[in-house]
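> The listed protein sequences derive, respectively, from chains A and B. Reminder that position 174 of the first sequence reads as 174 in the numbering used here, one-by-one numbering, no gaps. Reminder that position 32 of the second sequence reads as 32 in the numbering used here, one-by-one numbering, no gaps.
Please note that a few of the clues may not be correct.
Stretch-level coverage of chain B by chain A, calculated; a stretch enters the list once three of its residues show a Cβ under 8 angstroms from a Cβ in chain A [said to hold, decoys possible]:
1. 10–23
2. 44–56
3. 60–66
4. 78–92
No wet-lab data here; the hints were simulated from the structure. Ideal Cβ placement from N, Cα and C applies to all residues, glycine included.
There are 2 protein chains.
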Amino acid sequence: MGLVVQKFGGSSVADAERVRRVAGIIADTYCEGNNVVVVLSAQGDTTDDLIEKAKELNPAPSKREMDMLLSTGEQISIALCAMSLEKMGLPVVSLTGWQAGITTSSDFGSARIRRIKTSRIQNELDKKNIVIVAGFQGITRTGEITTLGRGGSDTSAVALAAALNADVCQIYTDVEGVFTCDPRKVPGARKLEEITYDEMLELASMGAKVLHNRSVEMAKKYGVNLEVLSSFVRKPGTIVKEVTKVEGTKISGIAVDDDVARITVVGVKDEPGVAFKIFRVMAKEKINVDLIIQSLGKNNEQDISFTISKDDLDKAVNALGEYEKSLHFDHISTDTDVAKVSIVGAGIMSASGIAATMFEALYNAKINILMISTSEIKVSVLIPAKDADLAVKAIHDKFFE
Amino acid sequence: MGLVVQKFGGSSVADAERVRRVAGIIADTYCEGNNVVVVLSAQGDTTDDLIEKAKELNPAPSKREMDMLLSTGEQISIALCAMSLEKMGLPVVSLTGWQAGITTSSDFGSARIRRIKTSRIQNELDKKNIVIVAGFQGITRTGEITTLGRGGSDTSAVALAAALNADVCQIYTDVEGVFTCDPRKVPGARKLEEITYDEMLELASMGAKVLHNRSVEMAKKYGVNLEVLSSFVRKPGTIVKEVTKVEGTKISGIAVDDDVARITVVGVKDEPGVAFKIFRVMAKEKINVDLIIQSLGKNNEQDISFTISKDDLDKAVNALGEYEKSLHFDHISTDTDVAKVSIVGAGIMSASGIAATMFEALYNAKINILMISTSEIKVSVLIPAKDADLAVKAIHDKFFE
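Please build the complete structure, drawing on both the sequences and the hints.
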């Protein structure tokens, strides 16, 4: 008996049959005696279809009108899901973002939730209604419809769970939870019962596309218990919270990110301020830099290597070219045939030997390490892209078998 | 230079090409120096598609959730149209029903407009923005989304024109205006320059499906000048207003309605109150009765004939059957192979001979008249359905050739 917030993504409500299945999950939760608030995304390809319609008329529409258009996708989902629950004879009401009191900043297309006025939802819960809220959207103080950008429905769900002080926020998706690594690639991958917010953040930012970072950050900030589980299989998922049970192994997951390009700026002067100058150029171009290695200098020269998203490569090279004179480098080399493999685990650094075990696994598999980066809870290595799958399997076997 | 409200129906915005054409009309009106407020319906089959999606999940969804669902159709239209105008470099903003301040009753699915708070629209017009409003929808005082039911976008447009004190409310549709009769059936049909509200009301209620009655009634009540014109052909349409120029001919149109069934209650007692009892039964069943004829009684018995919509026939016959005893009739006969042909013109009854001329035309065409009904501005006859086209042609030739 409590208050449960449940979020279902676009693939979970893609067609009538799936909406019915989702309604079944909601109904069970409600009939167990819980208050239920549901957050839905747009059905399957709806958003893409709407974007296509827009582009036919205007390749660069204003973000305001784009939000006006795209917010209809979630509105369709909530009405259909409510109808499905009505069919079961359950009391239900659907609410758009603005009806649910979700106030946002006015950054159309990537708005931030500012405040949730919960009175309407609370009122409906008091009447014992199931409340279905349109995710991904809100309203500005001046009455404009906004959308929250990528992963927005997860954020809506977590924000509602925080505002309503919910007992748990369940994120239903098409995977069964958070795995030690990609189960499609490593047959021995196993589902984690629990994981901390920080581990989840590292995994999410490294391409384990289960939960969007914004929503995990918000869950951490407000202490919202998250559960990631499947809308297709009825079994427990993975709980994301502040502190987890101590498990036998120190690492909770292995992630691969192949959207990585490496840039090496060769032959820069070995003097203070060089790194600062290079990364100021990247910041100006709004390019996120990930791993950084500065080689030891010799002959008063050194090399600086760093990784960025593949999409940003051309922009980065052009920007560096413009500053060739003031940066005084010899030339730039780039490499896109690389992948980043990371192990994540709370307190990884306090347990000696974890990094060494990872490197040993790679050595045994004859994989060359190009770059290394470490943090409190992760160790990342850059390796040749062709070796990525082998690397994950080798590391997984070493830690989990 | 003035304030123009323009309404475009679903077929006028059915695809990208048509949206572009509509945007062109709006742009021209704006560039001539007018303030422009546009009301749009949902694109083509959108509403039907949404209804189908709903029925897949629930054959009888609540009207509230249906309105939540259907109101997305117009929201998509307004965003797309705004994007098309943005592409032309014009200043534009789209507004949902609630953003436009359209407050309605809480009769979901057939809400009535109660009030329009014009401040937001006025504010946008002051900024020289073109304002695109979602038709067919509004919001209740408690913040629920409603739809206005059939013909709702016409009503939205007229209500906005009244609230904003617009100079004209242009209803763009797929016909070029109001014609003397159906141009697909009578090649000589001609477009009227002007017509009065009352004539338009009679024509609309008789199946000349150009404007919905609710919108004409509202236009009459608030003195809104309407213009009916085509979104496909750029030429003047038909003006609907209180008083029109006197034209050569006394009648303005001929309409056919083939959704008619005749019921004759045979052998009722020739005594006071019989008609009252029969039509009380119809009223109880919410059946609209149109033409009524009470035959002259003989042998203390008489027949009462009346017409209703074909859809209501079974319901009417069953209801009369239930009251067979108290009504004391002999039997009921019905006929669905009938059509109603009407001529409409302001002051038709004050011009002697108009009805006679109509009957003469039918006599010359050897068409049998089953029932006759007259009002201030129209004469209707019920004839065999097979003769309907011939009747219209004969009457049209008589009056307009």
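> Give me the numbers of the hints this structure contradicts, sorted from smallest to largest.
none
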